[in-house]
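So the protein sequences, as listed, match chains A and B. Position in the first sequence (first residue = 1) + 370 = my numbering. Position in the second sequence (first residue = 1) + 3 = my numbering.
Hints in this document: simulated from the structure, not taken from any laboratory. Keep in mind that a hint or two might mislead.
[Said to hold, decoys possible] Derived lysine to any residue pairs resembling SDA-like cross-links, with alpha carbons at most 20 angstroms apart:
| hint | chain 1 | residue 1 | chain 2 | residue 2 |
| --- | --- | --- | --- | --- |
| 1 | B | K228 | B | F131 |
| 2 | B | K237 | A | F728 |
| 3 | A | K858 | B | N141 |
| 4 | B | K228 | A | S700 |
| 5 | B | K228 | A | K739 |
| 6 | A | K696 | B | N141 |
| 7 | B | K228 | A | P699 |
| 8 | A | K739 | B | I231 |
| 9 | A | K674 | B | N141 |
| 10 | A | K913 | B | I231 |
| 11 | A | K736 | B | T101 |
| 12 | B | K228 | A | D698 |
| 13 | A | K696 | B | Y102 |
| 14 | B | K228 | A | S705 |
| 15 | A | K696 | B | D225 |
| 16 | B | K59 | A | P930 |
| 17 | B | K59 | A | P699 |
| 18 | A | K610 | B | H232 |
| 19 | A | K696 | B | K237 |
| 20 | B | K237 | A | Q723 |
| 21 | B | K228 | A | D714 |
| 22 | A | K674 | B | I231 |
| 23 | B | K59 | A | P552 |
| 24 | B | K237 | A | V718 |
[What the hints assert, rightly or not] Computed far set for chain A versus chain B, every beta-carbon distance over 12 angstroms:
| hint | residue |
| --- | --- |
| 25 | K533 |
| 26 | E576 |
| 27 | R629 |
| 28 | M686 |
| 29 | R710 |
| 30 | D714 |
| 31 | D850 |
| 32 | V902 |
| 33 | F970 |
Where is the CB? At the ideal position from N, CA and C, for every residue including glycine.
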Amino acid sequence: MNWEQITFAPILPTSLIMVLFLLGTAAAIVQYALIRGRLGSSRALAVSILRWIALSFLIGLALNPSLVTRKEHTVTPAIAVLFDTSYSMGQPGSAAKISRLEEAKSLLLEGEKPLLQTLSQKYEVRLYGMGESLKAIEASQVASLQAEGHKGNLTQALKELDKSNSLAVLLSDGNWQWDGKPSVDFPVLTLPMGNLREYRDILIEEVKAPALAFRGREVTVDVTVKSYGYTGLVIPVLLKDGNKLLTAKNVRLPSSPGRVSTSLSFTPEEVGLKSFSLSVPVQAGENLTSNNLTHLSMKVARDKIRVLMVSGSPSMNYRFLRTALKADPSVDLLSFVILRTPSDIINVPINEQSLIPFPVETLFVKEMKNFDLLIFDNFRYLLYLSPHHLESIRDFVRGGGAFALIGGPSLQSEGSFAMTPISEILPIRFSEKDVYRRDTSTGVRFGRGGTVHPITRLVSEIKGDDTDPARFWRDMPSLDGINLVEAKSSATVLLESGEGLPWPILAVSGYGEGRSLALATDYSWKWYMGPVARGEGNLTYLKFVDRMVRWLTKDPGLEPIQITLPEGSGVTGQELEIRVKLQEEGLSPGPRSTISWSVFSPDGLKMESTLKPTGRPGEFLGSFVPPRGGVYKIKVETSSGMLEESVVVLGSVETLDAAPDHHQLKALSEATNGTFLSRSDDLLEEIDSYARRGEGRFIEEKRSPLWATPYVMVLVLGCLITEWYFRRRWGLV
Amino acid sequence: MAGLLAFRPRSSWAAPFPQFFFAQVKYRGGDWDPNPDYVEAITEELELRTSIDGTKERRVTTLSDPDLFYCPFLYMAGKYDFDPFTPQERETLRRFLTYGGFLLAEDTVGAKGFGFDQAFRREMKQIFPKQELKKLANDHSVYQSFYIIGSIAGRLKVNPYLEGITIDQWTPVIYCQNDLSGAWERERSGKWVHECTPGGDHQRASAFKLGINIIIYSLTSDYKKDVIHHPFIKRRQSL
């Protein structure tokens, strides 16, 4: 101990301590003066000095003297070693014989003196695997690391590293996401894996396509192809719908690595949510082939609903139906009215006739597929159509087209479609006694499916929710002519005659991919003029026709089941949520709801998924986790129908481009004041040099108050006891 | 007298409405029925020449009849001034015509600016204050709906054109001053009631063709304006 180790921390003001000290000294002097006469000078001086010493020590304790001891410590640096375990690390390394991850492992685990072992002996080594996220691992787990995660997020990983690390060593190919910020206070030494010059791959890097397209209108898809190697090679970029090639375009690959862009144009022909594939052929020697193919989804809508209407004669039915169809800007109507039949007299030269030919072959064979809806309105087909025209119409509906038959006297006896291909697609059957009745008027009422079907469920849209739908239809003007037909068992009767036997008036059904409707009257136009006469306007009829057209042409807004897919494509491994809404009135979520939900993988296998009610009436939330990229099919079935949708899931982003990115490694090293290492460097020496900089030293300081030490107390007490002893001996006590 | 009883207007018909029939407006004052026997001949011609299955029955209605709205073809004729329509009648007619009804009106007197002509124009002005009776253009659908009409005539040739009130693409009121129904009127014996002047039988034939065109127009609207008809009609007009 030396005096430098003594420190003072007065517990009283120093001036006060000085005053106390002076008072103590003065008291000792006074004492000396008082006892000098009785004891003599030497004895009085001894007693007073002893008292002064004891008092001085006691007062000196107010200075709070402490003994400070210091001890120096050295801290072992902590090194974080990060193995990139993302998918791209499974690609060939520099030697091309082993993967990048195996190469990284061998650098640390192999050799006479494995680097990891040496580091562990000298430093505190913390090991991490960096796949989708940062994961601490034990040394024993390093050998079994697999390249399987998605592209890592380095920014997040650096933030999660312990701040006490002296440095980090990252073994990676540089193929990860990073925001360019250092995020850590210690240097990061990067050790590159893989070799860009040896990497060979062609991939579809970017696809730009509109999310919404219109049938019959050309769509352009912009594609960027990236290539490593294959400089100058000409390859086709293929755009397919399933196995059907839509279009293709050749591109010449630029110098490696490089990008080339091209545009592919095609005209979608089918309405709905479509999935297309874009691909480039796999070339010999490619490191990765899964990124030669990608998918895109596109909603193809109708720009117009194309309606072909054939009316057997000019009539009020035709005119009001035409009025309703023409009032809808989304409908493109082509109508033919049979103004004269072959038996009618032509008594004027041709230049005075405005009649045009009825191009049946063109309409019903060649151009049939270009229409969405065919309406026969009181049309006596026998005079114009041959069996192959009727077969073409049947095939049109089977393939997804829509057909509506509107009744009238022309459909009697041989004019009916009994025993023709058309009878297959109709929801009604013409009996032997098929007659057209125009003797008494009849009102209408709901049939079996009328209350819930979107065509007849138009009441709330027109009159609000308070109106009784059944009464709404009962109050409609009576029909002055109806066809007496039977509904097929597969049909849904929406309206039936209100008086006498319940003859079906409005019935619907599906046939193949298409839909059909039969309106067994030529007096539905009274549903136009009836409300007008009541002062209600013509909205009822316009909506009625609008709903017939939209239901027949499968307008998604009228589907009993609606599926809302997430915007954009799904991502592998991330949960996809799909909203399902049932339009049926009165159907509420719960165990009683008859809803079936299935998700099928790109291979067509049913996969695990969930469907839960959201709490809102008729609304459900389905979810599944796609394990890989591709087109997943979603199927929802209820008692009223079935709907399928497909959703595109992109593969791991990294699978698109697994090329080593050593520039990013260099940038990281520079940003963190680390070093971009190479395998020829003495790794241990490099790491040592950085570790030494971070080697920690600190001095431990210990403070011991002197008043707490027994020596001081013994000294004080010793002085006082000695004084007391002499005072007693010399007769003062 | 018996004939008048047969055409007695009813407030509501119990029988169903045929797909096509003439519904003639009976109004107050003037002469609402100048050619009572015009229906049979024109309906016969309509059935002979077209695919329309018409009814030779003429129904008489009034503008206060609630079933007016189910009449596909409203016909109104006269020679003389008639009593103004009531506000309710005007509103009914305006509503009927605005929402798709059709009216063929005829001045059968053979002179412009008198009697029925004045009264009818007065009523149309009241019902459609923003629209006017205008001469229909030569390419109006009514001239092309079945025949390509080049000559406008009835029993007389007062106006070489038709007039009409057009709302959007639809002309719900067509007005003729050539006495078409006079040209169509035929006795039960088959004899024409009136001579057609100055063109005789040729003029009568034109009157039937125009009548058929008007009826088809009332049932097909501007069907002949569809694009598919254009090249055919142009080609035939150039023949």
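- Query: When you check the alpha-carbon spacing of B/K228 and A/K739, does it fall within 20 angstroms?
  - Reply: Not satisfied, since the Cα-Cα distance of roughly 25 angstroms exceeds 20 angstroms.
- Task: Decide, holds or violated, for the assertion that all CB atoms of chain B are farther than 12 angstroms from the CB of A/R710.
- Result: The assertion about A/R710 is violated, with a minimum of 5 angstroms to chain B.
- Task: Assess, step by step, whether the Cα of A/K674 is no farther than 20 angstroms from the Cα of B/N141, and give holds or violated.
- Result: Cα-Cα ~32 angstroms, so violated.
- Task: Confirm or reject the statement that A/R629 sits farther than 12 angstroms, beta carbon to beta carbon, from all of chain B.
- Result: About 47 angstroms separates A/R629 from the closest Cβ of chain B, which puts it past 12 angstroms; holds.
- Decide if the proposed pair is consistent with the structure: B/K59 and A/P699, CA atoms, cutoff 20 angstroms inclusive. Violated: B/K59 and A/P699 sit about 38 angstroms apart, past 20 angstroms.
- Item | Reported absence of A/K533 from the contact zone with chain B (all CB gaps over 12 angstroms) | holds, 77 angstroms
- Query: Given the hint that B/K237 pairs with A/Q723, does the C-alpha gap stay at or below 20 angstroms?
  - Reply: holds, 11 angstroms
- Query: Would the pair B/K228 and A/P699 pass a check requiring their Cα atoms to be no farther apart than 20 angstroms?
  - Reply: holds, 17 angstroms
- Task: Would you mind confirming whether the straight-line C-alpha gap from A/K610 to B/H232 stays at or under 20 angstroms?
- Result: violated, 39 angstroms
- For the pair we were handed, A/K696 and B/N141, check the Cα-Cα distance against 20 angstroms. Roughly 24 angstroms separates the two Cα atoms, so the pair is violated.
- Message: Hint check: B/K228 vs A/S705, CA-CA at most 20 angstroms. Holds or violated?
- Response: holds, 11 angstroms
- Query: So is A/M686 really clear of chain B, every C-beta pair being over 12 angstroms apart?
  - Reply: Contrary to the label, A/M686 does not stay out of reach of chain B, its closest Cβ about 5 angstroms off (not over 12 angstroms).
Going down the numbered hints, you'll see the structure goes against 1, 3, 5, 6, 9, 10, 11, 16, 17, 18, 19, 21, 23, 28, 29, 30, 31 and 32, while the others check out.
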